[in-house]
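Undergrad: Could you put together the complete structure from these sequences and hints?
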Amino acid sequence: MSERGEVDVAIIGAGPTGLFAAYYAGFRGLSTLVVDALPEAGGQVTAMYPEKMIFDVAGFPAVRGRELIANLVAQAGAFSPTYRLGVQAAALAYADGVPILGLGDGTEVRCGAVLITGGLGSFTPRPLPAAAGFTGTGIIFFVPDPTMLAGKHVVIVGGGDSAFDWALALAGVAASVTLVHRRDKFRAHAATVARVKALPVRIEVNSQVTKILGSERVESVELNGTEEIPADVVVAALGFTADLGPLAMWGLALDKRHITVDSTMATNLPRIFAAGDIVEYPGKVRLIATGFGEAATAVNNAAIVIDPSAHLFPGHSSEDVV
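When we follow my numbering, the leftmost residue of the sequence shown carries the number 50, and every step to the right adds one.
Since the hints were derived computationally from the structure, they do not count as laboratory data.
Beta carbons are placed, not taken as given, at the ideal position from N, Cα and C, and that holds for glycine.
Just to be clear, a hint being listed does not mean it is correct.
[Unchecked claim] Below, simulated DSS-like cross-link-like pairs (lysine-lysine); rule was C-alpha separation at most 30 Å, straight line:
{"#": "1", "residue 1": "Lys101", "residue 2": "Lys234"}
{"#": "2", "residue 1": "Lys201", "residue 2": "Lys333"}
{"#": "3", "residue 1": "Lys260", "residue 2": "Lys234"}
{"#": "4", "residue 1": "Lys305", "residue 2": "Lys201"}
{"#": "5", "residue 1": "Lys260", "residue 2": "Lys246"}
{"#": "6", "residue 1": "Lys201", "residue 2": "Lys234"}
{"#": "7", "residue 1": "Lys234", "residue 2": "Lys246"}
{"#": "8", "residue 1": "Lys246", "residue 2": "Lys333"}
{"#": "9", "residue 1": "Lys201", "residue 2": "Lys246"}
{"#": "10", "residue 1": "Lys333", "residue 2": "Lys305"}
{"#": "11", "residue 1": "Lys333", "residue 2": "Lys101"}
{"#": "12", "residue 1": "Lys260", "residue 2": "Lys201"}
[Unchecked claim] Computed spacing ranges between beta-carbons, pair by pair:
{"#": "13", "residue 1": "Ala297", "residue 2": "Pro178", "range": "21 to 31 Å"}
{"#": "14", "residue 1": "Tyr330", "residue 2": "Gly274", "range": "47 to 57 Å"}
{"#": "15", "residue 1": "Thr290", "residue 2": "Val106", "range": "22 to 32 Å"}
{"#": "16", "residue 1": "Ile353", "residue 2": "Ala247", "range": "51 to 61 Å"}
{"#": "17", "residue 1": "Ser366", "residue 2": "Glu268", "range": "50 to 60 Å"}
{"#": "18", "residue 1": "Ala297", "residue 2": "Gly221", "range": "41 to 51 Å"}
{"#": "19", "residue 1": "Lys333", "residue 2": "Ala297", "range": "15 to 25 Å"}
{"#": "20", "residue 1": "Ala247", "residue 2": "Ile149", "range": "50 to 60 Å"}
{"#": "21", "residue 1": "Gly153", "residue 2": "Lys246", "range": "41 to 51 Å"}
TA: Take a look at the structure:
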């Protein structure tokens with residue numbers, strides 16, 4: 050991104066589709082800005098299942114979520130995209146027919162094209178009720194790197210895939226792991242639940258964290274209003290709410306919470322494209338693999354909108370001349 054706030058392609062969403070789009074835009078010689086409201090790259094994969102094995106990405110018999118994201122970041126890094134993480138894409142306007150993207154921090158960026166790859170939209174973590182009045186540190190919503198919690202007493206609240214994935218990753222790394230769920234049934238995959246149950250992880254069912262204890266940081270938690278257990282970190286794995294946020298006000302044609310696109314991945318707005326789980330069209334299949342193909346389609350079609358003299362098909366990446 051230049052000092053004037055100009056970029057060829059602004060990508061909204063740093064999940065797998067957005068990261069591959071950043072690589073592909075670089076491959077096409079386009080400067081790229083990647084914007085995401087979450088503080089870490091990876092979107093839903095990082096936020097919800099970083100430790101889960103993914104089996105439907107071409108070329109990988111199995112790949113851990115966080116490893117896939119690390120590889121995608123490295124792949125895109127060959128072309129040095131600019132990242133603005135923890136910042137929301139807030140507003141869209143046009144000047145001389147070119148999109149002006151307004152970010153939540155007040156920055157405005159003039160874009161040759163905008164590519165929306167925001168998965169299911171902006172993710173907002175569901176709050177832990179017991180933490181409502183707690184002002185110290187130690188309440189987190191996802192675990193980007195399990196080694197950061199080495200030697201810590203960790204309490205995980207939740208019963209879904211992310212809660213059990215993190216319990217699995219932290220067992221043997223943290224000093225202790227306690228998983229607390231308000232029911233005795235879990236939403237997580239049965240095989241993952243069985244693996245966690247075989248580890249030294251304390252599982253409290255039909256239970257709730259009723260109070261966070263400590264001043265400047267978490268020191269312990271209260272269970273069910275009676276029992277106090279040590280805790281350095283509480284992972285609130287209660288899921289995320291997703292919505293389009295400000296994008297819903299841009300005038301995009303929508304089908305419920307999804308953006309409708311044509312076969313070029315173009316939306317109804319000039320120079321605005323979309324790809325990944327956020328889009329809808331007849332026969333749409335929501336897979337990471339599908340998003341990769343849509344990203345390439347969107348970038349190639351955006352390239353000829355930005356520069357009408359460019360070719361739709363640039364050649365294969367294995368060729369000597371691009």
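Undergrad: Does each hint hold? Answer for all of them.
TA: Each hint, compared with the structure:
1. Lys101 - Lys234: Given pair Lys101, Lys234 holds - Cα atoms ~20 Å apart, limit 30 Å.
2. Lys201 - Lys333: Given pair Lys201, Lys333 is violated - Cα atoms ~44 Å apart, limit 30 Å.
3. Lys260 - Lys234: holds, 23 Å
4. Lys305 - Lys201: violated, 43 Å
5. Lys260 - Lys246: Roughly 25 Å separates the two Cα atoms, so the pair holds.
6. Lys201 - Lys234: Judged against 30 Å, a Cα distance of about 27 Å means the pair holds.
7. Lys234 - Lys246: holds, 13 Å
8. Lys246 - Lys333: violated, 37 Å
9. Lys201 - Lys246: Answer holds: Lys201 to Lys246 is near 20 Å, not above 30 Å.
10. Lys333 - Lys305: holds, 14 Å
11. Lys333 - Lys101: Satisfied, since the Cα-Cα distance of roughly 24 Å is no more than 30 Å.
12. Lys260 - Lys201: Cα-Cα ~19 Å, so holds.
13. Ala297 - Pro178: 21 to 31 Å: holds, 28 Å
14. Tyr330 - Gly274: 47 to 57 Å: holds, 51 Å
15. Thr290 - Val106: 22 to 32 Å: The hinted range 22 to 32 Å holds for Thr290 and Val106, with Cβ atoms some 27 Å apart.
16. Ile353 - Ala247: 51 to 61 Å: Holds: the Cβ-Cβ distance is about 55 Å, inside 51 to 61 Å.
17. Ser366 - Glu268: 50 to 60 Å: Because 53 Å falls inside the window, the suggested range holds.
18. Ala297 - Gly221: 41 to 51 Å: holds, 44 Å
19. Lys333 - Ala297: 15 to 25 Å: With Cβ atoms ~19 Å apart, the hint holds.
20. Ala247 - Ile149: 50 to 60 Å: For Ile149 against Ala247, whose Cβ atoms are near 55 Å apart, the range 50 to 60 Å holds.
21. Gly153 - Lys246: 41 to 51 Å: About 42 Å separates the Cβ atoms of Gly153 and Lys246, which means 41 to 51 Å holds.
Consistency with the previously given hints fails for numbers 2, 4, 8, ordered from lowest to highest.
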